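**Q** Got chain G; can you put chain P on it based on the hints?
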Amino acid sequence: MSTGEKFAQMFIAIALFFVVVAVILLLTQRMRSRTGEVVQAAAFVLPAVALILLGLLYPAVTSIYQSLFDQTGSNFIGLDNYKTVFTDSEQLTVLRNTAAWVILVPLFSTAIGLIYAVLVDRSRFEKFARALIFLPMAISLVGASIIWKFVYDYKDSSQTQIGIANAVLKGLGLDTYKFILNDPWNTLFLIIVLIWVQTGFAMTILSASIKAIPDDIVEAARLDGVGGVKMFRYITIPSIRPALIVVLTTICITTLKAFDIVRTMTGGNFNTSVLSYQFYREYFISTNQGLATAIATVIFLLVMPIVVYNVRQMRKLEAR
Amino acid sequence: MRSRNTRRGLAVAAALATGLVLAGCASSDSGGGDAVSGTWPGDGKAECKGLEQLADFGDLSGKEISVYTSIVAPEDKPHIDSWKLFTTCTGATPKYEGSKEFETQLKVRVQAGNPPDIAYVPQPGLLQTLVGTGKVVEAPSQVSDNTDKWFGEDWKAYGSVDGKFYAAPLGANVKSFVWYSPKMFSDNGWDVPKTWDDMLALSDKIAATGIKPWCAGIESGEATGWPATDWLEDVLLRSAGPDVYDQWVSHDIPFNDPKVADALDEVGGILKNDKYVNGGIGDVSSIATTAFQDGGLPILDGKCAMHRQASFYAANWPEGTDVSENGDVFAFYLPTMSEEFGNPVLGGGEFVTAFSDRPEVQAFQTYLSTDVWANEKAKASPNGGWVSANKGLDINNLASPIDQLSGEILQDPNAVFRFDGSDQMPAEVGAGSFWKEMTNWITGESTKDALDNIESSWPS
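Chains as they are written, first to last, in numbering that gives the first Met the number 0: chain G, 0 to 319; chain P, 0 to 459.
Isolated chain G (complex conformation):
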């Protein structure tokens, strides 16, 4: 198809959109009664609902349905794929790694981000200090992974080092270490990359939240003789609790979807694979449709409660 034809199709689509909206307006504008309002509202909401059903719900249901079938999607095998996910030794390693990611990344990013936000709050270099920790957010995960791959590069102690981590070890007179290879610690070294990226996000949201604590509360606390750690524990944390939870859960969801780091740094080798990468690998490389959709369903089930909780907290935050 030529570019001209593509443009033509685009304009036709836009024109169609105008026509549809105009028709809806024309048909509903005469109704003034209470039922008329309901009809008007429905006329505008229903197309969106239909698109969500088509674009989200339908693929989700199809995926779940396909996860009950075998490799090629032709024979029904019940819950066998789920049995593989939870019993096969390779898949168990994947689950173990995923658990490590989901627990460690949100905890450390949020903790470091929070402490940093409190420490630089109202200091002289605040803007600079915040920019410094926020910068990694601007790097794509693939870019960050390539940078860290260089950081972790391994050469034997007797050779010239090009990875800064091993150069430091060598400088200290220690043996160089295979950061990428040595299982299970290699997963931790990959996790550090995501913490490095996500801390900036946590810091920004929490910092804004800290600034939003009303001055009278802080002053009242000061008058009562609260300071330092106690101020942090009894005033700051309770005041920003909703923001903390939103940050924790958002990073949690990001972590469950994180796949770029594993793909770029190890390609899932050396026991570092996680669910989101394993899904991709099973589907696109091993062409095992059944197992892949089963893994996708597991991710879906894991993300679901966090999303629900996240949305509720978000509403609370906005209601304040």
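Bear in mind the hints are in silico, worked out from the structure with no lab data behind them. The model shown is predicted, which means the values in this text are computed figures rather than measured ones. All the pointers check out, no bait thrown in.
A few chain P residues that face chain G, going by a derived Cβ cut-off under 10 angstroms, partial list only:
| hint | residue |
| --- | --- |
| 1 | Glu221 |
| 2 | Ala222 |
| 3 | Gly279 |
| 4 | Asp282 |
| 5 | Ser285 |
| 6 | Thr288 |
| 7 | Pro297 |
| 8 | Asp300 |
| 9 | Ala426 |
| 10 | Gly431 |
| 11 | Thr438 |
| 12 | Thr442 |
Here are the computed lysine to aspartate or glutamate pairs in the EDC-like style, where the Cα-Cα straight-line distance is at most 20 angstroms:
| hint | chain 1 | residue 1 | chain 2 | residue 2 |
| --- | --- | --- | --- | --- |
| 13 | P | Lys155 | P | Asp370 |
| 14 | P | Lys99 | G | Asp259 |
| 15 | P | Lys378 | P | Asp80 |
| 16 | P | Lys447 | G | Glu89 |
| 17 | P | Lys258 | P | Asp448 |
| 18 | G | Lys177 | P | Asp273 |
| 19 | P | Lys274 | G | Asp155 |
| 20 | P | Lys94 | G | Glu4 |
| 21 | G | Lys177 | P | Asp293 |
| 22 | G | Lys177 | P | Asp282 |
| 23 | P | Lys390 | P | Asp370 |
| 24 | P | Lys447 | P | Asp261 |
| 25 | P | Lys271 | G | Asp155 |
| 26 | G | Lys177 | P | Glu221 |
| 27 | P | Lys155 | P | Glu137 |
| 28 | P | Lys302 | P | Asp327 |
| 29 | G | Lys256 | P | Glu221 |
| 30 | P | Lys302 | G | Asp155 |
| 31 | P | Lys83 | P | Glu96 |
| 32 | G | Lys177 | P | Glu444 |
| 33 | G | Lys169 | P | Asp282 |
| 34 | G | Lys5 | P | Glu96 |
Each residue gets a CB set at the ideal place from its N, CA and C atoms; glycine is no exception.
**A** Quick look at chain P alone, frame taken from chain G:
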């Protein structure tokens, strides 16, 4: 006010819609079914000598052919330059389009009914998949004749599916190379080994001097492990011969056949031998995390003596490295284990796959399968990095010494060419478990476990 606006909006929308529908109809053009007409523009021109076959397609002036490849800038320029002669002799113009996402995108375009006229397909496995869609057009008789004349039977077979010939070979690369430093060898009085046993004896000799003789790297992101699969394929070709190799690739014998296990143990004798590897980098397991691009570089520092890797590794040496027989680095042919199987050569290449039988497309296929084009392409690549298995290719037209050596190996009548096996196996194995298990094998898995795991992953 409100209702007037609505009406005007409607009128505009309607006008737009009608106009665009009409425009949409006008731009659909006709394709295919053109009869051959006119005399070819190359008639009587001196530079078109040797391309008389193109006369069959008549005057193609003003016609265009879309060509889709995985080769992107700056390597696309020699290709485009090599087509000038075609335009001179036929009047038709090929349009080049390269993409790094070629393999995925080509499948998408074919499925969407929007294939290019010609695609350079780098894997026989992918060619089979494409032919399976029913969209690939058989090669015309001129191309078939040229392939018989200029390429070996083995090459023609890789461009055929189920006995039908579809795609003529284009470029080639030789994987059976060992990179070494000619300076380092002559300084130490080492000779280039001619047999496998010589090579192992030399390895022992080098190891005794305190230098680890071999270096390797198999890290390649998602494709980590592929250089190790090449090692196994090369050794199996030498230890068990091409016939066993073919049976193994097509799964007529199991993946974990004892002969394959023997070959892998032979590879292990080098790659998993702490006395031999990993020169300039570390121990055996460091092979798994060293990028394949970096695997041979310790040779330049004198910390490693030999690195088995394909001819295209020439591009990985730093700028200013003298790649020639008496220079900083060069390659020798990975020696044979016995006289029994001739000189097995493991390699790869691209195949010209057509999705249309319009005369200009067939003329272009014909042009690419001639010796004239092969020499044009060689002359259009002043920096080297290209070679073909075309027997009409004059070695002297190739720019770099390593290309000339590759060309000689490919044209050697004793050469038995075999295509990279992992490119022909089903994707689950060739791009999945084979890579993964070879990586595990390097980091400590036993030969038996690795081969058993790959065998069990072969789709039934």
